[in-house]
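With the hints as your guide, set chains B and C onto chain A.
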Amino acid sequence: MSSVTNVVVNRGIKKILMCDQKSRNSLSLAMMRNLLEHIKEGRENQDLRVIILAAQGPVFSAGHNLKELTSEAGRTKHEEVFRLASELMSSIIDSPVPVIAQRPLVCQLVAQCDIAVCTENSKFSTPGANFGIFCSTPGIPLARKVQGSTALHMLLTGLPITAAEAKASGLVSKVCTADDLEGEVQKISDAILSKSRSVIGLGKRFYYKQVDLDVRRAYDLGGEDGGESGHEGRQGGNQELRGEKEAGLVARGQ
Amino acid sequence: MSSVTNVVVNRGIKKILMCDQKSRNSLSLAMMRNLLEHIKEGRENQDLRVIILAAQGPVFSAGHNLKELTSEAGRTKHEEVFRLASELMSSIIDSPVPVIAQRPLVCQLVAQCDIAVCTENSKFSTPGANFGIFCSTPGIPLARKVQGSTALHMLLTGLPITAAEAKASGLVSKVCTADDLEGEVQKISDAILSKSRSVIGLGKRFYYKQVDLDVRRAYDLGGEDGGESGHEGRQGGNQELRGEKEAGLVARGQ
Amino acid sequence: MSSVTNVVVNRGIKKILMCDQKSRNSLSLAMMRNLLEHIKEGRENQDLRVIILAAQGPVFSAGHNLKELTSEAGRTKHEEVFRLASELMSSIIDSPVPVIAQRPLVCQLVAQCDIAVCTENSKFSTPGANFGIFCSTPGIPLARKVQGSTALHMLLTGLPITAAEAKASGLVSKVCTADDLEGEVQKISDAILSKSRSVIGLGKRFYYKQVDLDVRRAYDLGGEDGGESGHEGRQGGNQELRGEKEAGLVARGQ
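Protein chains in written order, with the UniProt record's numbering: chain A, 1 to 254; chain B, 1 to 254; chain C, 1 to 254.
The set of hints was computed from the structure by calculation and includes no laboratory data. Errors might be hidden in some of the hints.
Copies of the same chain are indistinguishable here, so a pair counts whether it falls within one copy or spans any two.
Here are the simulated DSS-like pairs of lysine-lysine, each with C-alpha atoms no more than 25 Å apart in a straight line [claimed, not checked]:
#  : residue 1 : residue 2
1  : LYS40     : LYS123
2  : LYS22     : LYS77
3  : LYS209    : LYS67
4  : LYS174    : LYS22
5  : LYS123    : LYS174
6  : LYS123    : LYS187
7  : LYS67     : LYS77
8  : LYS40     : LYS77
9  : LYS187    : LYS22
10 : LYS22     : LYS67
11 : LYS123    : LYS67
Owing to the predicted nature of the structure, the values given are computational and were not obtained by experimental measurement.
This is chain A alone, in the form it adopts within the complex:
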């Protein structure tokens, strides 16, 4: 059986390439199980530093596999699909190494990845309602990444947004030409590789912890955990300390 993904690990970067073109790289049960396994695998491997989710082929992404969501498939099957989708999304949050979406993957994956880069002519939509199934699970990361008006516009109409709208509304953090795509993702990966794995892991964990708290409770936690993550951070990160000159520079301008 040929796999629905193709995985290459190089210099600490695990690139998971979705290559199930027959089903347009849909989030089938097989694809979700495969992605979940590859995202979870090596979680404790100190050499693993970055995960990139990408996709092969002219149409780069798809939603759920509708064959698994027909009336004939039955309710138990549907529940399995949505439960697995939730587990997959949670695994991205739980991954101690950053997960980057490259190119237009399925909208839900893009919205859940820590960082997302797409090409200029990418389009994104959540068309589930067109097929009688509202994109409820995709709406979860969408509501947290994308501004309210655009998120509901997408979910209720199923109409696509452009790459420019994806950047403006917060779905992706960078848009570039197809030629620059690899370079842009490499730049992001390099920036992560240059840092301490444990600092990034603790920092990412703290981010997802604090973001759901009210702001005062978050600051209380910062006071408690700040020293913690700072300390462990320094242990792992000392070798990368590049001198205080640079350290001072956080924002500059005229």
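Below, chains B and C alone, put in the same frame as chain A:
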């Protein structure tokens, strides 16, 4: 007594036109009661699919009716105004059919509607503090739709933002020319009409439920409710299933 | 001992100028204590209406003072730094008068201020992870002001964003030329000065209270507090009532 609104229902689309030009379509008690009635009415009518809030006249919108917020009006009156405003806003959230803001309505309504479209030269502001009454209730949907820096900028200064800033900050999802306005809203309405009423209703309900939860609890709920809304969705939506070819297409690009 | 800040109060506007160029205006313990004192001082002074945080010199801002975060400094010291940073950020939220960030201050301060204005060639970054210390505390206001994809992009990579990206993502509400900077901040200050101090104070307090609640609870609170803040507002704000003509105008367009 002439009504402060003019309501037309056509092909499942209920258009509520605010036409109280004498008071600049302010959210007077009379206007709020009227809007509330029209938004709630027909909630269970299966033929009702979309509600559009629009306004008549060269100045399209206003805030509260200040005559009802003078010292002479008294505290009980003020409390009634704010309570009714909250009830009106909640009725938009509770509406099982999407509520679209067309043109520059009062900022609070625009921010609370599910989808908002405005014209290029629209401006939006929350000037309450200018008149001794902070826009506290308008700040609720504003804080949830608009980026923090812009929301507070508007609320604390009362200064207006342009249509471009409204789009960039998330207050509206589309900006178009005055000539294209009807067409753009029609396109959105058509997209909703082409879907199952129950799928949209369940999906909208789930969205407002999950958006306030922390992300893990939201995914737990997605796992539980996903099958539910998916299933009911399919019941209502089967006739609209357009084939799996399209279904696969969620995001594409080069 | 020369102070690390230079404070001028004029017409109700307190301008706190960070001028510790030797340490690139880093958020050293001395700087944080100084800022905290100046933000808290005069909180009950009815003549104080606006606080502006600005910085001197060609490089306008810095993060924490890394000398205080070395292994030698020790864990107790680090905890003190993070606790004080949290206290400083909370003092901005608690300030009854709006706090405006002018020019590119340290990213964490910009993100926490109520309103932020920067110049066209400003850049912002959260490079802590480069030095083995994740920007956990700066991530708190960042996650609340800036869209998710950009916030994590900044925190995980340490790479800077431009002024245009800062505006698009919500970090600042206005970008202008260096020449226009003073004028833009003056315009914002004037808008605040023209309003009632108590209305602004109550309104700001309500904003930070409701923003962390779920939307229905926020509206319940609006119903309860609306009359309250409205009433107190009117007491303080009556003299500024400018007639109902203007009051009606909240959004306009063609």
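Outcome of the hint check:
no.: 1; hint: LYS40 to LYS123; verdict: neither (29 Å within a copy, 36 Å between copies)
no.: 2; hint: LYS22 to LYS77; verdict: within (21 Å within a copy, 58 Å between copies)
no.: 3; hint: LYS209 to LYS67; verdict: neither (36 Å within a copy, 28 Å between copies)
no.: 4; hint: LYS174 to LYS22; verdict: neither (29 Å within a copy, 35 Å between copies)
no.: 5; hint: LYS123 to LYS174; verdict: both (14 Å within a copy, 16 Å between copies)
no.: 6; hint: LYS123 to LYS187; verdict: both (23 Å within a copy, 18 Å between copies)
no.: 7; hint: LYS67 to LYS77; verdict: within (11 Å within a copy, 58 Å between copies)
no.: 8; hint: LYS40 to LYS77; verdict: within (23 Å within a copy, 36 Å between copies)
no.: 9; hint: LYS187 to LYS22; verdict: neither (32 Å within a copy, 32 Å between copies)
no.: 10; hint: LYS22 to LYS67; verdict: within (13 Å within a copy, 57 Å between copies)
no.: 11; hint: LYS123 to LYS67; verdict: within (24 Å within a copy, 47 Å between copies)
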